[in-house]
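Given chain A, work out where chain B should sit, using these hints.
Line by line, the protein sequences give chains A and B.
Following full-length UniProt numbering, the numbering of the first sequence begins with 1 at its first residue and continues without gaps.
Following full-length UniProt numbering, the numbering of the second sequence begins with 1 at its first residue and continues without gaps.
No lab work stands behind these hints: they were computed from the structure.
Because the structure is a prediction, the values reported are computed rather than measured.
The reader is advised that the hints may include incorrect statements.
What the hints assert, rightly or not - Quick list of the computed label-pair ranges, beta carbon to beta carbon:
#	chain 1	residue 1	chain 2	residue 2	range
1	B	P94	A	V34	28 to 36 Å
2	A	W24	B	G108	37 to 45 Å
3	A	R68	B	T106	53 to 61 Å
Said to hold, decoys possible - Taking lysine to any residue pairs in the SDA-like style, the calculated list, with each CA pair at most 25 Å apart, reads:
#	chain 1	residue 1	chain 2	residue 2
4	B	K91	A	E107
5	B	K103	A	Q155
6	B	K91	A	R114
7	B	K91	A	T129
8	B	K91	A	L135
9	B	K96	A	L35
10	B	K96	A	Q155
11	B	K96	A	T200
12	B	K96	A	T129
13	B	K96	A	E107
14	B	K91	A	T111
15	B	K96	A	Y106
16	B	K103	A	L35
17	B	K103	A	L135
18	B	K96	A	V34
19	B	K96	A	L112
20	B	K103	A	K231
21	B	K103	A	A42
22	B	K103	A	K174
23	A	K231	A	Q155
Each residue gets a CB set at the ideal place from its N, CA and C atoms; glycine is no exception.
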Amino acid sequence: MTVHGGIDPVIAADVRRGERLEWWTLFWMSSVIVLMWLTMGASQAMKSAVIEDFLSLVPAIVFLLAARWERRDPNRRFPFGYRRGNSLAFLIAATALLSVGAFLSYESITTLIRREHPTVGGVTLFGHTVWLGWLMIAALVYSIVPPIILGRIKQPVAERIKDKVLHTDALMQKADWQTGLAGIAGIVGIGLGWWWADATAALFIALSIVKDAIGALDQAVAELLDGTPRKLASNELSDDAEDLIAALKSRYGDVSVRLRETGRYIDAEVDCPSPADVPTAADLMGDDAAWRLASLSFRPEPSDPPA
Amino acid sequence: MPALLLLPLLLAACDGMPRDVGGTSERISRTGTMRVIVLPATPDAAPALDLLGRYAAAHGATLARVEAHGEHALHMLEEGDVDAVVGHFAKASPWKTEIALSKPLTHGEPDDADTPVLRIARRNGENALVLATDRMVAEARR
Numbered sequence: 001m002t003v004h005g006g007i008d009p010v011i012a013a014d015v016r017r018g019e020r021l022e023w024w025t026l027f028w029m030s031s032v033i034v035l036m037w038l039t040m041g042a043s044q045a046m047k048s049a050v051i052e053d054f055l056s057l058v059p060a061i062v063f064l065l066a067a068r069w070e071r072r073d074p075n076r077r078f079p080f081g082y083r084r085g086n087s088l089a090f091l092i093a094a095t096a097l098l099s100v101g102a103f104l105s106y107e108s109i110t111t112l113i114r115r116e117h118p119t120v121g122g123v124t125l126f127g128h129t130v131w132l133g134w135l136m137i138a139a140l141v142y143s144i145v146p147p148i149i150l151g152r153i154k155q156p157v158a159e160r161i162k163d164k165v166l167h168t169d170a171l172m173q174k175a176d177w178q179t180g181l182a183g184i185a186g187i188v189g190i191g192l193g194w195w196w197a198d199a200t201a202a203l204f205i206a207l208s209i210v211k212d213a214i215g216a217l218d219q220a221v222a223e224l225l226d227g228t229p230r231k232l233a234s235n236e237l238s239d240d241a242e243d244l245i246a247a248l249k250s251r252y253g254d255v256s257v258r259l260r261e262t263g264r265y266i267d268a269e270v271d272c273p274s275p276a277d278v279p280t281a282a283d284l285m286g287d288d289a290a291w292r293l294a295s296l297s298f299r300p301e302p303s304d305p306p307a
Numbered sequence: 001m002p003a004l005l006l007l008p009l010l011l012a013a014c015d016g017m018p019r020d021v022g023g024t025s026e027r028i029s030r031t032g033t034m035r036v037i038v039l040p041a042t043p044d045a046a047p048a049l050d051l052l053g054r055y056a057a058a059h060g061a062t063l064a065r066v067e068a069h070g071e072h073a074l075h076m077l078e079e080g081d082v083d084a085v086v087g088h089f090a091k092a093s094p095w096k097t098e099i100a101l102s103k104p105l106t107h108g109e110p111d112d113a114d115t116p117v118l119r120i121a122r123r124n125g126e127n128a129l130v131l132a133t134d135r136m137v138a139e140a141r142r
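Looking at chain A on its own, in the form it has when it is part of the complex (with noise of 0.2 Å):
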């Protein structure tokens, strides 16, 4: 491990953790999809649920890539790294949620405008013919399973390490097991006649991807204009970065003190001449944290603070 680059010791083996729930991820949510795609009739709920869960597979991927990008040593071109690659992939991530949304919610509100009847007939299966909403909502119930215990998993992992991608996958798989719901909701509405139950379904599920971007939307900027570190959950300050301010103004008196997030590490910059001794990030962060700091650097002359 470098300044710059690699995985620090204390949360090796939890990144390696988040990876191969990540893989399993990928497996178990592919093998949704094409139950899913398989069953998915005319049905707008099935098809909002289908989209859902293949956007699912996003955050899981751009962890893994991200992963791997932290892993590289910085070099002649990249002398810092690659550890903002996370950054972007989160950026890219959370627009691609929020067209989506955007778009299932336009057709959702389009089929309601226009009063579509969704037509679920039969499909034929071993001689037999059956309703095809039995088999969606077979298929719906399978994919309430792996998000919520993928979903129940990760989260405290995405927690330690303060990852926000696999804490948005956490996130996100809780809109999959919600959506299979309001999807079987949807498909009982057509079994019953009720031709507005499986788009107002669809754009309940849309809304909640839309929600789910706006949020990521917001962090992802955040991390990439060099905001202050937020919490996993909010667009709230952290509270380790509260703490840090509050330790290195302890220590240097009521100096101007900023922090910016590079991935999953802070970098801090203090306006101050730099100390005879600095102190260790373990100092200022305490023992299991210390490896959130990636770098402590001074400014002896500093400017006024902006406006």
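Only chain B this time, still in chain A's reference frame:
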């Protein structure tokens, strides 16, 4: 979790699913009439009419032929002015999203999705009618 709370209620109401959005099956039983258009140039319509006749009989009804041509017939189906249209339709028909087409009645599905074959078109959303006639088509093809 509104969807989760709604689920037991919905599943309790599952009996007799699927139902028709526009109530076509009930109307056929109530009026004793099933309105059918046979598109011109469908000389082989007999198997489809036989099938629809059996469906109507099972609901205590008889077939009533309605005369209409081409797109006008399909618009009537969309509006619920008739219950079924018999004719030659391709799998990739431009109407495929506006109406519910059955599988071919007398042939296997053609390799070419643009080849028209004898099918029954039903009104979108009339899922009880669509499932019942899908079952009869599957049995007829066996």
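Each hint, compared with the structure:
Here the CB-CB span from B:P94 to A:V34 is close to 29 Å, well matched to the stated 28 to 36 Å. Take A:W24 and B:G108: their Cβ atoms lie about 41 Å apart, and the range 37 to 45 Å holds. For the pair A:R68 and B:T106, the beta carbons lie near 57 Å from each other, so the given range of 53 to 61 Å is met. Under the criterion of a C-alpha separation no larger than 25 Å, the hint pairing B:K91 with A:E107 is consistent with the structure, at around 24 Å.
A hinted pair counts as satisfied when its Cα atoms are at most 25 Å apart, and B:K103 with A:Q155 does not qualify at roughly 47 Å. For the hint pairing B:K91 with A:R114, the CA-to-CA distance comes to about 24 Å; that is within 25 Å, so the pair holds. Proposed proximity of B:K91 and A:T129 is supported: the alpha carbons are some 20 Å apart, at most 25 Å. Of the supplied pair hints, the one linking B:K91 and A:L135 holds, its CA atoms being roughly 22 Å apart against a limit of 25 Å.
Under the criterion of a C-alpha separation no larger than 25 Å, the hint pairing B:K96 with A:L35 is consistent with the structure, at around 23 Å. Between B:K96 and A:Q155 the alpha-carbon distance is near 45 Å, which puts this suggested pair outside the 25 Å criterion. Our distance criterion of 25 Å between C-alpha atoms is met by B:K96 and A:T200, whose separation comes to about 23 Å. As the CA atoms of B:K96 and A:T129 are separated by approximately 21 Å, the hinted pair is consistent with the 25 Å bound.
The suggested pairing of B:K96 with A:E107 holds, with an alpha-carbon distance near 18 Å, which does not exceed 25 Å. With a C-alpha separation of about 23 Å, the suggested pair B:K91 and A:T111 falls inside the 25 Å cut-off, and the hint holds. Distance hint between B:K96 and A:Y106 is fulfilled; the C-alpha atoms sit about 22 Å from each other, no more than 25 Å. Between B:K103 and A:L35 the CA atoms are separated by roughly 22 Å; this keeps the pair inside 25 Å, and the hint holds.
At roughly 19 Å between alpha-carbon atoms, B:K103 and A:L135 fall within 25 Å of each other, so this suggested pair holds. The suggested pairing of B:K96 with A:V34 holds, with an alpha-carbon distance near 24 Å, which does not exceed 25 Å. The straight-line distance between the Cα atoms of B:K96 and A:L112 is roughly 19 Å, inside the 25 Å bound, and the hint therefore holds. Only pairs whose Cα atoms come within 25 Å are accepted, and B:K103 paired with A:K231 is rejected, the gap being roughly 55 Å.
This hinted pair checks out: B:K103 and A:A42 have alpha carbons roughly 15 Å apart, not beyond 25 Å. Distance hint between B:K103 and A:K174 is unfulfilled; the C-alpha atoms sit about 39 Å from each other, more than 25 Å. The straight-line distance between the Cα atoms of A:K231 and A:Q155 is roughly 13 Å, inside the 25 Å bound, and the hint therefore holds.
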